[in-house]
Every structure is written in C-alpha cells, then in structure tokens.
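A.B. asks: Take these sequences, add in the hints, and give me the full structure.
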Amino acid sequence: MKKNSKMIFNYVIMFGLISLFLIPLYWLLAGSFKSNFEFNLVPPTMFPEEIIFGNYSTAWTQLGFNQAFQNSMIVTISTTVLNMITGTLAGFILSKKKIPGGKIILALIVSVLIVPPAVLLLPLYFMIVKLGLYDTLSAIIFPFAANAFTIFFMKQYIDDIPNDLIEAARIDGVGEFGLIPKVIVPLSTPALVTVALINFVGNWNAFTMPLVLLRSNEKFTLPLKQAKMANATDVNQWTLILAATVLSILPVLVIFIGSQRYFVKGIMEGAVKG
Amino acid sequence: MKMKMKMKVRTIVSGYIILLPALIVMLMFNFYPVIWSFLVSFKETKAIDIKNSALYEIPGVFVGIENYQKVLDNDLFFKSIVNTGYFAIIFIPFTLLFSLLLAIYVNQKFKGVNFFRTIIFVPYIISVISSSLIFMTLFNTEAGFVNATLEFFGIQGISWLGDERLAMPVIALMSIWRRVGYFMLLYLAGLQNIPKSLYEAAQIDGANWLDKFRNITIPLLSKITIVIMVLLLRDALTIFQEVFVMTGGGPGNSTVTVPFLIYQEAFSYLRFGTAAAMSYILFVIAVIVILVQNKIIMRKGKVE
Chain A
1 MKKNSKMIFN
11 YVIMFGLISL
21 FLIPLYWLLA
31 GSFKSNFEFN
41 LVPPTMFPEE
51 IIFGNYSTAW
61 TQLGFNQAFQ
71 NSMIVTISTT
81 VLNMITGTLA
91 GFILSKKKIP
101 GGKIILALIV
111 SVLIVPPAVL
121 LLPLYFMIVK
131 LGLYDTLSAI
141 IFPFAANAFT
151 IFFMKQYIDD
161 IPNDLIEAAR
171 IDGVGEFGLI
181 PKVIVPLSTP
191 ALVTVALINF
201 VGNWNAFTMP
211 LVLLRSNEKF
221 TLPLKQAKMA
231 NATDVNQWTL
241 ILAATVLSIL
251 PVLVIFIGSQ
261 RYFVKGIMEG
271 AVKG
Chain C
275 MKMKMKMKVR
285 TIVSGYIILL
295 PALIVMLMFN
305 FYPVIWSFLV
315 SFKETKAIDI
325 KNSALYEIPG
335 VFVGIENYQK
345 VLDNDLFFKS
355 IVNTGYFAII
365 FIPFTLLFSL
375 LLAIYVNQKF
385 KGVNFFRTII
395 FVPYIISVIS
405 SSLIFMTLFN
415 TEAGFVNATL
425 EFFGIQGISW
435 LGDERLAMPV
445 IALMSIWRRV
455 GYFMLLYLAG
465 LQNIPKSLYE
475 AAQIDGANWL
485 DKFRNITIPL
495 LSKITIVIMV
505 LLLRDALTIF
515 QEVFVMTGGG
525 PGNSTVTVPF
535 LIYQEAFSYL
545 RFGTAAAMSY
555 ILFVIAVIVI
565 LVQNKIIMRK
575 GKVE
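Chains as they are written, first to last, in this note's numbering: chain A, 1 to 274; chain C, 275 to 578.
Because the hints were derived from the structure by calculation, they are not lab data. Accuracy of the hints is not assured; some may be wrong.
[To be verified] From chain A, some residues computed to sit far from chain C (all C-beta separations above 12 Å): (1) L29; (2) E38; (3) F53; (4) T61; (5) Q70; (6) N83; (7) D159; (8) D160; (9) V193; (10) L197; (11) M268.
[To be verified] According to the in silico footprint, chain C covers these stretches of chain A (three or more CB under 8 Å from chain C): (12) 13-24; (13) 134-143; (14) 167-181.
[Said to hold, decoys possible] Quick list of in silico lysine-lysine cross-link-like pairs, DSBU-like style, CA-CA up to 30 Å: (15) A:K103 / A:K265; (16) C:K486 / C:K470; (17) C:K470 / A:K6; (18) C:K278 / A:K103; (19) C:K497 / A:K182; (20) A:K98 / A:K182; (21) C:K486 / A:K265; (22) A:K130 / C:K344; (23) A:K265 / A:K130.
Beta carbons: idealized from backbone N, C-alpha and C, even for Gly.
C.D. replies: Right, dumping it as structure tokens:
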C-alpha cells in the first residue's frame with residue numbers, strides 16, 4: 001500500500017516536471033507553424049489554428065538558412081574530427097609516455113579551463129586578422145582544432161588502459177606510431193564517441209567566436225544567422241525564425257537521441273574522474 | 275647501454291611529434307592569447323584601421339596602468355559586475371538545489387525514469403541562441419505564453435524583458451532550464467558513487483533518512499559539489515549570448531554583464547586596451563572566487 005502511493009507520487013512529479021520542461025519546446029513548435037497574423041494575435045492561440053508548413057521552406061530557401069546549415073555542418077564536422085585526432089594523440093602521450101615537461105604541459109592545458117572565454121575574444125580576433133583568415137570558415141575551425149577538455153578527457157580514459165597491453169603490442173612488433181591506431185583507438189572507442197558527441201554539440205551551438213570572426217552573410221553559421229535575423233527590425237519574420245530554430249535543433253536532437261547512452265555515461269564518468 | 279639511450283631518445287622524440295598537433299593549437303590559440311591580452315591591457319587603447327577594411331591593429335604604445343584606471347572609473351563596469359552578481363545569485367543556488375533534487379529523484383528505480391532523465395537533459399543540447407529565441411517568445415508581453423497563462427487566471431500581464439528588475443531573472447530562469455539536466459547527471463554520478471554499505475550500516479544504527487542525508491549524502495557529495503560550483507561560476511561569468519539576443523543589455527543597462535560589456539567595449543566602441551583590461555579583471559575575479567569557494571567547501575566537507 002505504502003509502496004503504491006509512493007509510485008503514484010513519483011509519477012505525478014514526473015508528469016508535472018516533464019510538462020514544465022517541455023512548455024518552451026511546445027511553444028517553439030507551435031509558433032513555427034503559425035501564420036504571421038496568428039503569431040501576433042492577442043491573446044495568443046495555444047494551438048495553431050491553421051498549420052503553415054510553408055514557414056519551413058521559406059526560412060530554408062528565402063532566408064538562406066540552407067547556406068547557414070551547410071556552413072554549420074562543415075565547421076562542426078571538421079572541428080569534431082580534428083579534436084578527436086588531436087585529443088587522442090595528446091591524451092596518449094600525456095598518459096602513457098614519460099616525456100620531459102609532460103606534467104607541466106598537462107597542468108598548463110588543464111589550467112586553460114578556468115580562463116574566461118572573454119579573455120580569448122580579442123586576441124583571437126587580431127590573430128585571425130593577421131593570419132588573413134578573417135571571414136573564412138577556417139577562422140572558426142583551426143583555432144578550435146584542439147581543446148583542453150577533450151585532451152584531458154582522453155588522457156583520463158587512456159590512463160585506465162593497462163600498460164601490459166601496450167607492452168604486449170610492442171613485443172608483437174607494433175612500432176611507436178602504430179600503437180595509436182592498433183591499440184589505443186580500439187580500446188578507447190567509448191571515450192571517443194563521447195568526445196565526438198560533446199564536440200559536435202558544442203561546435204554546432206557555438207556563437208561568440210563566429211560572431212567576432214565572421215562578417216559576411218554567406219559565411220554565417222546557424223546560431224549567428226538566427227541571432228542576426230532576430231535582431232533585425234522586421235518583426236514579420238518571427239515565425240520563419242522559429243521554423244529555422246526547429247531545423248537547427250533537429251540534427252543535435254537526432255544525434256543525442258541516437259547516442260544518449262554514451263552521452264550520459266560519458267558525462268557521468270567524466271564527473272567522477274574529474 | 276648505447277642502444278638503450280638511443281631507444282629512449284627515440285621514444286621522446288616520437289612522443290613530442292605525436293603531441294605536436296595539439297600542442298601547436300593550444301600554444302597558438304590558448305596560451306599565447308592569454309599573454310597577449312595581458313600585454314594589450316597595458317597598451318594604448320585606440321586601434322588603427324588596416325587599409326580602410328574595418329579590420330584593426332593595435333599600435334604598440336605602452337601606457338602603463340592607464341587602461342585599468344579608466345575601467346575602474348567606469349560606472350558601467352561596476353554596474354556590469356553588480357548585474358553579473360545578480361544573475362549568479364539567482365542562477366547558482368537554484369541550479370545547485372534543483373539539480374541535486376532531480377538527481378535524488380532519478381536515482382530511484384521506477385519505470386520511465388530513463389525517459390524522464392532524457393527529457394530533463396534535452397534543453398542542454400539546444401543552443402543558447404535557440405533557447406534565447408524560444409524564451410523571448412514565451413515571455414513576449416502581448417503574445418507570449420506566460421502572460422497568456424497569467425491573464426487566463428486574471429492576473430495582469432507583465433513586460434518581463436522590458437522591466438529593469440525582471441529581465442535578468444528571466445535570463446537566469448532560461449539558464450536554469452537549459453543547464454539543470456546536465457548538473458543533475460553530475461550529481462547522479464556522485465550519488466551512485468556513494469557505497470551502499472554506508473547507508474546499510476546507518477540503517478542498522480537506526481538512522482532515519484534525514485540523518486543519512488545529512489551525514490552520508492551531503493558530505494560525500496562535497497567533491498562533486500566543488501566541481502559543479504566551479505562550472506556554475508564559469509557559466510555565470512560567461513553570460514553573453516543570452517544578453518546579446520534577448521535584451522541587448524537593456525532595459526536601462528540592467529542586463530549588461532561583464533562579458534557583454536567587454537564585447538561592446540571592443541567591437542562597438544573599438545576601445546581594445548580597456549576591453550583587454552576588463553577581461554583581465556574578470557579573469558582575476560574568477561580565479562579568486564574559485565579559490566575561495568574551494569576552501570569553503572573543502573572545510574565544510576571535512577567538518578561534517
């Protein structure tokens with residue numbers, strides 16, 4: 001009896017909290033299907049009376065969100081792949097090789113985590129201008145091709161690979177450079193998946209650096225495009241912006257749902273070890 | 275002997291080669307910028323336009339602590355610190371409390387708990403920009419969901435983002451909504467790391483749930499709490515995108531945060547030297563607060 005009432009209590013809380021958390025997403029979805037007229041109605045309609053699918057295609061082609069989507073994809077995938085490579089290489093060395101200065105390098109990398117991004121904003125702008133990369137997609141790929149979190153995360157994971165395994169591979173004739181593809185990568189796949197996901201989401205959602213490093217409309221990534229559209233004075237485009245927002249959320253949502261087991265596990269493991 | 279030396283040198287050299295890609299990026303785009311910012315904060319504040327292309331360069335004239343003096347004389351800088359503190363005071367305790375409660379809740383075993391965990395976590399993967407746009411439509415004065423709900427219950431609608439006292443809490447609410455799922459997972463990891471035998475032993479000693487919570491759960495979560503506090507603080511000190519999209523710093527500068535002011539100072543007013551000085555003051559504040567926070571939590575953890 002007691003157990004039953006506790007169950008009911010649990011489900012009431014669950015239902016209440018889920019509704020609360022989903023209200024913003026429902027409102028986004030409802031708004032993205034409304035006509036302009038209906039969107040500006042006072043009081044607002046709780047459910048769109050007439051469903052306008054056209055908002056999506058208009059946002060995609062006329063507002064140029066297809067271009068922004070493509071830019072975001074290029075930047076996100078390149079940065080993620082580069083981070084997986086640099087993170088694995090550096091994580092391996094800092095974990096398993098005793099190189100002079102290795103401890104100091106690791107400490108410096110970890111200390112970068114407490115630097116507020118605002119400190120990096122100005123120098124990155126000036127460096128990118130000097131390098132002639134201003135207003136190119138490379139400007140938001142290469143400076144972010146390695147990051148402290150990924151290196152540290154990979155290092156922590158590789159720490160747990162037994163040294164005996166590495167020695168055994170060496171005896172089998174695997175060279176120094178062969179160790180990574182033949183031993184380290186296969187044994188740290190879960191960590192690599194987690195790192196890939198976290199980097200993908202982070203770069204897909206990045207805004208501040210693109211804002212400072214990109215200028216022309218054709219180079220904008222999705223968040224930049226969304227923000228610029230929303231800050232423009234034309235109020236009649238809000239339903240389109242919301243439709244574009246739904247489209248911008250979909251890729252990360254699909255990836256998250258498909259791989260949430262890794263995602264959740266990675267975050268939790270990182271928490272305990274970190 | 276010679277062979278061995280040669281082998282050792284070879285491993286070291288190959289080690290550095292493998293480390294190189296990450297090291298170059300970190301040196302160029304993380305370590306060097308930190309030093310660069312520090313130097314520029316002592317340089318002449320005016321930037322020069324490179325060949326009329328609206329791209330800027332900084333002349334290398336050192337002016338001593340002039341930039342820091344200017345920043346400390348700037349009333350808006352103090353206001354931005356107060357505003358950032360206001361955000362932190364709402365955001366940090368509530369996120370901490372809610373994420374702990376949610377973690378305790380999802381640490382139970384019942385059907386649907388994984389689904390629930392997923393839903394609570396979803397806002398975290400949505401970009402700050404998208405979340406900001408969503409909350410702007412939710413809190414819109416005329417056609418927003420919140421005011422429509424209030425008016426349904428006969429309460430007069432409020433101009434949320436147009437009110438100097440309410441704009442920041444709305445931004446904080448959004449930040450809590452977006453991040454609480456992530457911190458819930460961190461606390462969940464902490465909870466699952468507590469050995470069950472401790473609770474069983476306490477049970478035998480006749481402890482009730484409150485005793486167990488106070489004497490086992492809270493102290494054993496102090497390590498993860500430090501991690502969470504540092505992350506929350508970092509979040510609080512980087513509030514920029516939300517302000518950029520939702521309020522533009524208004525109304526009446528009530529949502530100008532330190533990072534937003536740094537951005538404006540640099541890229542709207544082109545005062546790079548003072549912007550660099552501001553960013554370094556922010557850096558120092560962050561380091562001090564993190565150190566103090568760690569000390570307090572560490573001490574508390576030990577006493578209990």
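A.B. asks: None of the hints should be skipped; say for each whether it holds.
C.D. replies: Comparing the hints with the structure gives:
Non-interface call for A:L29 relative to chain C: violated, since the shortest CB-CB distance, roughly 10 Å, does not exceed 12 Å. Taking the minimum C-beta to C-beta distance to chain C, about 9 Å, the non-interface status of A:E38 is violated against the 12 Å cut. With 12 Å as the threshold on Cβ separation, the claim that A:F53 sits away from chain C holds: the shortest Cβ distance comes to roughly 19 Å. With a minimum CB-CB distance of about 20 Å to chain C, A:T61 clears the 12 Å threshold, and the non-interface call stands.
For A:Q70, the requirement that its beta carbon stay farther than 12 Å from each beta carbon of chain C is met, with the minimum near 17 Å. A:N83, annotated as away from the interface, has a beta carbon of chain C within 12 Å; the closest lies near 9 Å. At roughly 16 Å from the closest C-beta of chain C, the C-beta of A:D159 stays outside 12 Å, upholding its exclusion from the interface. The claim that A:D160 lies off the interface holds: its Cβ sits roughly 16 Å from the closest Cβ of chain C, which is beyond the 12 Å cut-off.
Distance to chain C confirms A:V193 as a non-interface residue, since its nearest Cβ pair spans about 15 Å, more than 12 Å. The claim that A:L197 is not at the interface with chain C is violated, since a C-beta of that chain comes within 12 Å of its own (minimum 9 Å). Listed as outside the interface, A:M268 is inconsistent with that label: its C-beta sits roughly 4 Å from the nearest C-beta of chain C, within the 12 Å cut-off. Judged by the Cβ-Cβ criterion of 8 Å, the region 13-24 of chain A is covered by chain C as claimed, because 8 of its residues qualify and three suffice.
Residues of the region 134-143 of chain A with a Cβ under 8 Å from some Cβ of chain C number 3, which satisfies the need for three, so the listed coverage holds. Requiring three or more residues with a Cβ within less than 8 Å of a Cβ of chain C, the coverage given for the region 167-181 of chain A holds, as 3 such residues are present. Between A:K103 and A:K265 the CA atoms are separated by roughly 28 Å; this keeps the pair inside 30 Å, and the hint holds. Restraint check for C:K486 and C:K470: the C-alpha separation of about 11 Å stays at or below 30 Å, so the hint holds.
Of the supplied pair hints, the one linking C:K470 and A:K6 holds, its CA atoms being roughly 21 Å apart against a limit of 30 Å. Proposed proximity of C:K278 and A:K103 is supported: the alpha carbons are some 23 Å apart, at most 30 Å. Between C:K497 and A:K182 the CA atoms are separated by roughly 36 Å; this puts the pair beyond 30 Å, and the hint is violated. Of the supplied pair hints, the one linking A:K98 and A:K182 holds, its CA atoms being roughly 20 Å apart against a limit of 30 Å.
Straight-line distance between C-alpha atoms of C:K486 and A:K265 comes to about 27 Å, which keeps the hinted pair within the 30 Å bound. A hinted pair counts as satisfied when its Cα atoms are at most 30 Å apart, and A:K130 with C:K344 qualifies at roughly 28 Å. Among the hinted pairs, A:K265 with A:K130 is inconsistent with the structure: their alpha-carbon atoms are about 41 Å apart, more than 30 Å.
In terms of the numbered hints stated before, the structure departs from hints 1, 2, 6, 10, 11, 19, 23, listed from lowest to highest.
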